[in-house]
Every structure is written in C-alpha cells, then in structure tokens.
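Protein chains in written order, with my numbering: chain A, 1101 to 1750; chain B, 1101 to 1750.
No wet-lab data here; the hints were simulated from the structure. A couple of the hints might just be wrong.
Label pairs and their calculated CB-CB ranges [said to hold, decoys possible]:
1. B:Asp1142 / A:Gly1341: 34 to 40 angstroms
2. B:Glu1688 / A:Glu1390: 51 to 57 angstroms
3. B:Asp1726 / A:Asp1726: 35 to 41 angstroms
4. B:Gly1150 / A:Asp1333: 26 to 32 angstroms
5. B:Asp1706 / A:Pro1610: 31 to 37 angstroms
Facing chain A, from chain B, some residues (calculated, C-beta under 7 angstroms) [what the hints assert, rightly or not]:
6. Asp1427
7. His1493
8. His1499
9. Pro1643
10. Asp1674
11. Ile1713
12. Tyr1715
13. Thr1717
Glycine included, every Cβ here is placed at the ideal spot set by N, Cα and C.
There are 2 protein chains.
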Amino acid sequence: MKNKKKLAKMEPIKLKNVIINDLFWNPWKNLVKESIIPYQWDALNDRIEGAEPSRTITNFEIAAGRKEGQHYGMVFQDSDLYKWMETVAFSLATEKDEEWEKVFDDVVALIEDAQEKDGYLNTYFSVNYPDQKWTNLKNDHELYCAGHLIEAAVAYYEATSKTQILGVVSKLVDHIRTVLGDKEGQKRGYPGHPEIELALMKLYKATNEAKYIDLCQFFIEERGRRNPVHYYDVELEERGGARRSDNRDYDYYQAHLPVREQQTAEGHAVRATYLYSGMVDLANELEDEELLTVCRTLWENTVNKRMYVTGGIGSSAHEERFTVDYDLPNDRAYTETCAAIALVMWAHRMVQIEANNEYTDVLEKALYNGALSGISLDGKGYFYVNPLEVWPHTANFRHDMRTVKPTRQQWFGCACCPPNIARLLASLGQYIYSVNESEVYVHLFIGGETSFIANDQQVALSQESNYPWDGNVKISLALEIPTIFTVATRIPGWCRHADIFVNGMKKDVPIENGYAKITEQWSDGDTIELLFDMPVEIIRSHPEVRENAGKVALQRGPIIYCLEEQDNGANLQDLSIHTNQTFKVKYEENLLNGVTIIEGKASQTDRKKIEDILYTTKTYPEVERDFKAIPYYAWSNRGENEMTVWIRER
Amino acid sequence: MKNKKKLAKMEPIKLKNVIINDLFWNPWKNLVKESIIPYQWDALNDRIEGAEPSRTITNFEIAAGRKEGQHYGMVFQDSDLYKWMETVAFSLATEKDEEWEKVFDDVVALIEDAQEKDGYLNTYFSVNYPDQKWTNLKNDHELYCAGHLIEAAVAYYEATSKTQILGVVSKLVDHIRTVLGDKEGQKRGYPGHPEIELALMKLYKATNEAKYIDLCQFFIEERGRRNPVHYYDVELEERGGARRSDNRDYDYYQAHLPVREQQTAEGHAVRATYLYSGMVDLANELEDEELLTVCRTLWENTVNKRMYVTGGIGSSAHEERFTVDYDLPNDRAYTETCAAIALVMWAHRMVQIEANNEYTDVLEKALYNGALSGISLDGKGYFYVNPLEVWPHTANFRHDMRTVKPTRQQWFGCACCPPNIARLLASLGQYIYSVNESEVYVHLFIGGETSFIANDQQVALSQESNYPWDGNVKISLALEIPTIFTVATRIPGWCRHADIFVNGMKKDVPIENGYAKITEQWSDGDTIELLFDMPVEIIRSHPEVRENAGKVALQRGPIIYCLEEQDNGANLQDLSIHTNQTFKVKYEENLLNGVTIIEGKASQTDRKKIEDILYTTKTYPEVERDFKAIPYYAWSNRGENEMTVWIRER
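Could you build the full structure based on these sequences and the hints that come with them?
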C-alpha cells in the first residue's frame, strides 16, 4: 500500500469538538447518558429483572479465567459489550465522567484478561469451541466482533487519549493478520458480516499504521472472488460440510461477485451498508477512483431504487435484506433500525468526498425518520423493524407480517438495534460539520458549538435554531483575527427557496451541489442566518413503486409524517386527501415531547351508508373530515394503533 | 337418531340425469375425460416420465400383499386414488365407458385386498405403522382418506349400481364405529381434517342406513368439546407427547369451540368448508334448525367478511387458512383452488334448504372464477394458489410471497388441487338443477338436458345459451301430458334487469329470494327465454378491505376480469381507469379458447417524463391509453406476466 493523497475534500470535525445544545436533540442526548448507558450496563451484567439473560460480562469473566462455566448466547454476543463501550466512549468525548471512565477501564482490563496469548479474542470460541476458530468466517462473526471492539477502542482513545485498549486491538489484529491473508499457509477469508473494514480504517486513522489499511484492502478485494473456488466453499469443504444450516446464496453476504463488479445493493442491508462504508473509506485513502465509482453506483441503486421515503432500507424480513428494484411494501417493510443507521454512516462518508447535498439529504432523512423511529420517546421501547404502514389487527395475525410489531418492544429481546441507536445518538456531533483548510461545511442544522481551524485561524462556530420545526438557522462565528474562509452550508434538497443573510444583510451566494458557499473575510461576532422555506410538501413515488400508486406522503422540512389511528380513527386506508388544499401547521408543545403537526381536510366513506357486504356495484358517498398527521419518528408512543405514511390522493 | 322430515326445500337433480352440452363447458368436460383421467391414472401408477413419484397404486399393492416394500408418500396418499376414482365415477355417470369401468373394478378389488380383516383401511399405517393406527386423529388423515373413499364409492354406486365398493366402505365404517364413539372403551375422537362428515351423509342417502348419520353426528357434535379435556390433548397425552411438530392452535382444525358455538370461519379453509358442508347435510336430515343457524352465521362471516371477489377463500398461505375479517391481500392471497371448490359444495347445500340466490351467486362466482382459475386452458397446468395480483419480479424474490407462483405448475408436484378440480368438472351436472314435487330450480345457466318428475309428470328440460358471454338463456320443456308446475329460475344477483318470456310472450313473474317462479300449466314444446342484462359492472369493496381502497374490479355477468401484462404492458399498478366511461365488450374467438374481453380508456404516467428518482414533489403528467381486460380464470395461459384484478380508479 502506498499512502497517497486522499480523495476527500473535507474531514468531519471530531466528536469531542462538537457540543450539541439543541431543542430537538437535547432530550435524546440526555436519554443516552441518563438512561440507556446505565440500563444497558445492567443488562450486560444480568441485573435487569425479567429481562432475557445477556451473560455478556460473565462470558468475558469465564474467558478471563475469573469464573468457571460455559459461554452463553450468540456467536456475536461479545459485540453487545463493544457497542456499549463505543457509546460510553462517544459520551465521554464531550462530557467527562470519572465513574463511567473507571467502569470502562475495568472492562478493558477484563477484555485484556480474556484475550488469548496469541491475540485471539472471542469468548464464544475461547470458552466453548477453541478448535473451531476461524473455520466458518461466513457465519461466525469473529471478525464482526473484532470490528466493533476496534471501533470502541478508537472512540475511547479519541475521547481519553488512553492507549491500553489500543494494545488489545493491536494484538488482536496482528493475530488476524497471521491467520488470514494471501500468503502461503494463510486462509484467504473475509467476514460474512462486514464491519471490521470500516473499523480498520478508523484504526488506521488513529494510529497511522499502514498494516490496517492493508488488511482492510485484503478483506475488500478478496470478497466474492473465485481463486478459483469461492472462499466460503473452501472453508465449507475444509470443515467437512455444513456445521449449521448453510446459506449458499452469497449475495446475502455481498460475496456473490468481487466488489468491483457489484452494481446493485444486495443481501442483508446492514452488512451491505457497513461494507460500502468501508469501501468508501478505502477508496478515499487509496485515491481509488474505480472503487469510489462502485460505491457511487451502489449508492444510486440504493437511494433511487431500494430506499423507503423514511430512509429505511432492506424491504424483506427474510434475511433482513434488499430485494429487487422498486419492491418497497409498506406493511411488510423490514427497514431495520440498524440499516437506517448504517445508511447514515455511508452517506456521511460519501459527502466528505463529493460535497453534494444528495448524500446529506439522505443522511438527514434516515436520521430524523427511519433511524429515530427505532426508539420510543422515553427510550424504553424499541423497533427493530420500522414499517411505514401498520394494521395491528392483521399484523398480529398474519404469518407473513410476523416481524412487524405493532408496538415497541422492551430493551433486551435481542441486543442489536438498541445499542446501535444509542451509539448513533451519542456520536451525533460528528455528523454535523466538516472542514478543510479553508472551508467549514455545515451539513446538519443542530444547535450547539464547535471549533476548528480555517486558514490557520482558530474559529468558534455556534448554531441556533428551532429545526426541524422551522427553517430558521443562525450561525455565529467567534475568532480573533479577521480571516477569509468559506462557510459552506447545506441547502437541503427538500427546500425550494432559501434566503441567506450575512450580518443581517441578504446575500446572493453561489450554490455548488446543494451547498451555499459563503466566502467572506469573517470577523468575530459575524452571523449567518439561513431562512429555509418549510411548507408542507406532497411527496409522490416513482410509478414503479406499486405499493404507493395513487398515494402521497407528507413531508415538512426533513420530517416525514404519518397518520395514526389515535388522531384519525381506524381504517386509515379509507381516508384520502386533496393535495391542492392549504395545510395547517401547528407546533404542539405537549404532544409527543413537542412536535409540529400537519392538519387538513380529508375524505372518507360515510360510515352510516356502508352495507355489511364485501362487494358492491354502488359508490358509497363520502364525507369530508379533518385529519392530523404527526412526525413518523414519533409514532407508536401512545399504544397499539394503525399507522400509515402513504395516504391515498383524491 | 330419529329420521325426521328434512329441512331442504328441494333436492339436486342427480348427475346421471344431467347431460351438459355447452359452448363454455364442453371443452372442460372433454379435458377431464380425454386428458385428466388418463393422465392421473398414469401418475398414480408412476408412468409419467420426470414427474415426482406417486407410488399410490404400489402402496395399495403392498398393503394387499401383492408386492413387498414400504409405504411411500404422505399420510393421505391413499386419497389421491380415491379422488381420481370419484372423478371416474362421475364421468361414468353420464357416459358409459367399459374400459374405465374395468379399470375401476380392478382398483376396487385391489382396495378390497388391501383392507384389513377388521375393516381397517389405510396403506400408510397398514404397511409402515400398524401400531399407530387411530393414535393421532388430529393429524393423521385416516378419517379424511375414509371420507374420500366413501365419496368415490357412492359416486360409483350411483353411476353403475354396482355394490362391491359399498361393501368395502361398509366394513371400514363399521370398524371406525367400533373404535370411535362415546361408549366405554371407545375414543371420543374426530378427524383433524373434516371430510368424512359430508361423505357419511352421502353414504346415508345412498343406503338409507341411520348408523351413518349417527357417526356423522358424533363427529360433528364432539368437535371442539372439552370432556373435560379436549380430545386432541387426550390423544397427545396417550401417545406420550408430540409425535411430530404439533399444532396446538385448534382453530386451525375448527376444533377451538364446539361447532354450535362457532361464529366465524376459522382455520384451514378447505377443512372448514368441508366441515360446514357436512354440518348443513346433518342439519338438513335432522331438521336441526339450531345447527343450520350456525351454518348460516358461518356463511355470512365467510362471504361478507372473508371472501375474495373471485370466490376465493383462505387469505393466508401459512396454514392455508382464514385470518381476520377484511384481511384480503391480493398479492398474497392463498385462495387455494380446493377451497373455492369446497365453497361451491357448501353453497350448493345451503341453497337446497333456503332457495336463495345469495348462495347460488357465490356458487357461480367461485365456479367461474376462483375454482376455474386453478387449471390451465389445456388442462396441463395448475394453480394451488390463486392470487388476484401477481408481480413476477417481486413474487419470484420475496420470501413472504413464496407460495404465489407466477406461472402454473405441472400436474403432479403435490396431488391435492388437480384431482379436486377434475372431480368438480366431472360432477358439474349436479349443481345445475334441483327439484321438489312441484318445482324445478334452474340454478346455473349451462346448456344441456335433464329430466325429472314434476307433479307426477316426467319432464325433459333443455337449456341453450351462450352464457357467460351473453345473458340470453332458452329453456325448452318436453312432456306428454300438460301439467302445472313451477320453473324457478335464478335471477343472478349481478343482473340489474331481467326479462322473462314464456312462449315468446313477455311475462311478469314473482321473484322470491332471487328466483323467478314461473308457474304455468306446461305443455310439450313450451319455452322460457331469460334475457339478463349483462353490462360491464364496476365492483367496489367494503371500505375496510384496505388492499382495495381506491380500486375497482370489472365484472360482466358472473365473470370477474383482470388485466394482464400481455395485453397492457408492465406496471399495471400505474394504470388507472375512469369508471364513468362506456366500456367496449367484444368476443374474441381466437383468444384463450374464446373469451369476451372488456376494452376501455385508462390513464398512465407518461413514461417519457419519469425521472430516475424514487421520490419527488412533482406530479408526473399522465397520458391516456387503451386497456384490455380478460376473464380472470383465463389468466396465465400466455407465459409469465403481471396480472391484477383490482384496478386503480381515477
């Protein structure tokens, strides 16, 4: 590997340099610190009464020789701890907390003890199946767990500058490098669940050690190759056939083709999007335009053919996967919370390279809708699956809808999405700004402060707004010496008209790929005001999305709306709206922690005229009625009820 | 049991007294005789190259001691032979065929040899599991197989007056009566798959032996009772727990409640409808008004809450079952061919008691649509599942649509629906007419001849029409002595205006419950002409059927129409129609064996204006285009393509 100049036009401002202070996000931020981190720590230690056992800490204690016993849980159980650690680390990056830091350090010591002498680290295999290490890369998640540990390690190092945990991961990765690779005697294997690729790129950036890029590159390039036999067939053969029910459809693992030949987003949506994120990172560091083109092609296929209007991806519950273009059923959407989060991560990487609001628009869409819908307002209920239409009566009965839960589930049924949304919320700061030598990019409109160096001048930037409920954003700058640099602020794709004021004066600013580039000699106290028009928008789908034919969705700013039975009565499908009406928009402080709602007129069959027969040659008369739409992310906080995002258009 | 007066107001004219000679049905009738009966006989004998083995005849040969070996196939494999026998018997009823009669008699001898000394008859258990007889009534289909044998036996007896096969069933039923019953030492069990109930009622009618009603009554009354323990729990306990994966949801078996307490159609749709048919028969013979009321309640729930517009029932592939009211997804309809056939059977029994066209309308709907769609025009392809909307691209990929086959399957993958539709087609004659002392009922408009006795006078009746392609039906009578009686002809529910001519003179006739009662002193050569208006009708669903909101179906006469990609291009969901247009109706002789099509104007997004993005705030312009609808039953005869019954309304 040659360490070249990067492709990226900017770098994210790091988490520890961003303080969030925002009406919309503060409650979520507080949830993480006050509720989610302690709750999950108790869960990992099996101190939650009535919850399914986790045994995660116990597993490590057994592996560390501190306790006797067998491993309990999934092959990827270790990653529950690692994801929690990453959340804690993110939280410590912006707010010191000695107690949690102490807990974290104790955990690091425990992990160190659980690590084998040769660097191997995975309690499932160390304790129960030491002879089966690295024999089933396709399904066994050893590299997946390693990836999450690496991410946690880097986050903790960046938050605290402590290096002990980096020692653990360095030893682990060196071990992996002896086992896997393209040299004589090594296995040419790569993870069935991508994750370590993007983690290795983080580790490289934290340590500047090229060997981590090399390993990432090996995993990515080897994927889906036939040498001449596919590695997953090789290892299947070596272990003497299937050890458990073996999935031979390698598109599920994004291993159906070498990655450079892939053109469509296939398989398990989270695996896919983690992989693509790692590919962007690698393309960036290696200045590999060809690989970047692959990422762009996959991106276009994803967002233009296979993404819900909420930013949810993965439309099939079976295999939690992408299916085919335009197959986006609303009532059987899978749209795993984790997949929306992974889409945020992927978009964030793309925009650093291309500085185009097409990426940040999707990032924002997934963040405010498809990801946030995964957690209840009180942080105690979760959705793994985020359908766009729910009919409890039917969903509770039909087998083909059994993954759709009409109400949120408690924390710890399975531990995949909840910690993932926790680490998203805890790391939100890193998605807001990017910088390069002479530009600061404002991607998201989230109140708070940051600081950076522009043209050698230290600058403090603060952002204030009532976003997403209105489109007025104020940015203030503080700096000692007046300096020329560019504030490149995103003009959201949903916004048809934006005015920009600099120090109170309206200003015409060039817009490049959806970013307004305001280049000034900035002085201390300068302000930028952004006024985004934020009317209710009527959204329609591509005509090939058959589930949405004749239907519209309501959007205002980045927020996708839905109808809930609670506000509109049952049988939401019977309700239709005229789209040429003027909608009422109203902030309701006491509703759902404070939300802006949309009200208007709808039509519905006159209930009194309906006959008790299924089919008729009559046209039932309709009556006019009011409707009320709430933000999609806030649905299912008032008990089990019907919900729909797509509404019939009259 | 006391043999009372029956509830029924009429009795069907028997198959052997009805000759079908009809433009629409002749090709189907010929298919049965010329293609299906010989093909299936070869299949039962494993003489079809490339087909999955059946081994049905071999199983009997082994049980009969004529061959060595083990039983092969399903626990209900024997019923494949019995259903085929019933088809042959129906066919022989109207057309003598010495060769097939010889084959049939040889089969009877084989079955006789396979029957055990005590009367037991089931090759699966006799050969492989003699110690497990009658230990799992819930799942083991011994009574189901017995039921199909009884039906075949009665049909053959009625066709040929031969009694040898009645001897076999008599011995079998006597054996069953020793094992099952409410006396000391007997098992209080009843079949997990109802079927024998209606068969026993047929056997009773053929033999006039009350013991068969008694057994039927026992099975029906015992069903779902707790004595105090549910029988399926009793037998589960007795056999020491689950022998295979045990379904404890007894609604699947219609055994969740005693039948008299059941109010909604639940569980496996074929089981349910066979049971309800047997219940009607029993209620009728016992003049049991209470039981009849249960049947009526179940009927109303079925047809007014849980039936597709095609007469298909059972909206869930999982467990092939009814789900909840108004849950009728079109693209994941299960609507097994057998269930539509069973609905025909149930409706036929109801109308004998109630003389109301609400039953015959459903019978006709299921016959011309949901049942007939199960077989291809050449008789070589079959659907078990009859969806109302098919998107091959998606259905071939999505796991939750995996039972939906976008093209018809060849004969013998599993052998349940093909023989069932064969026996329906072969027995069609029995559904057309009913009689009582002074009335003849014309339920269906199918050309041909029949004869009956009305007020002691032998009458021959012939029917001519081009139905269902037009609504003109001519009925002619032949009788020696002018006699007063009533011709009660159905006025179909789909018909808004009908004219009736007697001997060419228009006549006002009283309509009672959808039957025009023409009472005359009839003479030889008298004619009745029925002129049913048959315009294209726009059908809408009850507003709670969410899948059909904003959509219409097209119907003309009894025929439900659909759009196929073959005629209309792909993306049928993007097509919408104005319902206030005048549709064109045209008979196309060379299309799909001759069908009447519907043509009209539709709107569709202007393909040239569509952008390659998923979501937009634009309204894409639409263009006007023609559409062409074909009868639903005839879809999927021109290769894999999209299809939809429900069309968006503009």
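Results for each hint:
no.	hint	in the structure
1	B:Asp1142 / A:Gly1341: 34 to 40 angstroms	39 angstroms, holds
2	B:Glu1688 / A:Glu1390: 51 to 57 angstroms	55 angstroms, holds
3	B:Asp1726 / A:Asp1726: 35 to 41 angstroms	40 angstroms, holds
4	B:Gly1150 / A:Asp1333: 26 to 32 angstroms	30 angstroms, holds
5	B:Asp1706 / A:Pro1610: 31 to 37 angstroms	34 angstroms, holds
6	Asp1427	5 angstroms, holds
7	His1493	6 angstroms, holds
8	His1499	3 angstroms, holds
9	Pro1643	4 angstroms, holds
10	Asp1674	4 angstroms, holds
11	Ile1713	6 angstroms, holds
12	Tyr1715	5 angstroms, holds
13	Thr1717	5 angstroms, holds
In summary, this structure violates none of the numbered hints.
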